[in-house]
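Chemist: Residues 457 to 611 in my numbering are what the sequence shown spells out, letter by letter.
By construction, these hints were calculated from the structure, which means they are not laboratory data.
One thing to keep in mind: the hints can contain errors.
Unchecked claim - What follows is a set of in silico ranges between Cβ atoms, one per label pair, in the way DEER data are often shown:
hint: 1; residue 1: P554; residue 2: R458; range: 38 to 44 Å
hint: 2; residue 1: H486; residue 2: W551; range: 15 to 21 Å
hint: 3; residue 1: V584; residue 2: P554; range: 17 to 23 Å
hint: 4; residue 1: P537; residue 2: H486; range: 31 to 37 Å
All C-beta atoms in this analysis are idealised placements derived from N, C-alpha and C, irrespective of residue type, glycine included.
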Amino acid sequence: MRLTEGEARARFGQGRVARLATVDAAGSPHLVPFTFALDGDMIVLAVDQKPKSSRPLRRIANITENPRVSALVDHYEDEWPNLWWARADGLGEVWEDPERCSAPIALLQAKYRQYRDQPPSGPVVAIVVERWSGWSYSGPPDEPEPRRPGGGPAA
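Please construct the entire structure, taking both the sequences and the accompanying hints into account.
Modeler: Pasting the structure below:
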């Protein structure tokens, strides 16, 4: 069943980790997991001290080139009636000014104890969400998932 925007926002906010999809100027996609805090219709994340595979980070470069992003939080269990996902589509912006970054970093510190001892150094990415969407399994456990024409699962 489709989630309302409010339900999708609430479930997204419960997540501990999300996946961020960005696209570079040539249209190549990039997907990474990230920690986040939710502030109304804004998602904030920050570059932290965890080891990174490359610098500069592709997600930062991609958002600078193309601010359209999607973020996804999902929940999986072997008991399929408990499955759900929530997605946020919006515009990302990279913040580097320490004063502007202080409130988002405080939100991240409130959510993640690891950031209390070692606050992220930034930059911060702020995503202004334009659209919340989501899905939740709604049938009884023995009901097969609906199929679309051609045999694949319904989206």
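Chemist: Could you run down the list of hints and mark each one as holding or not?
Modeler: Now for the hints, and whether the structure bears them out:
no. : hint                      : verdict
1   : P554 <-> R458: 38 to 44 Å : 41 Å, holds
2   : H486 <-> W551: 15 to 21 Å : 20 Å, holds
3   : V584 <-> P554: 17 to 23 Å : 21 Å, holds
4   : P537 <-> H486: 31 to 37 Å : 33 Å, holds
Checked against the numbered hints given earlier, the structure satisfies every one of them.
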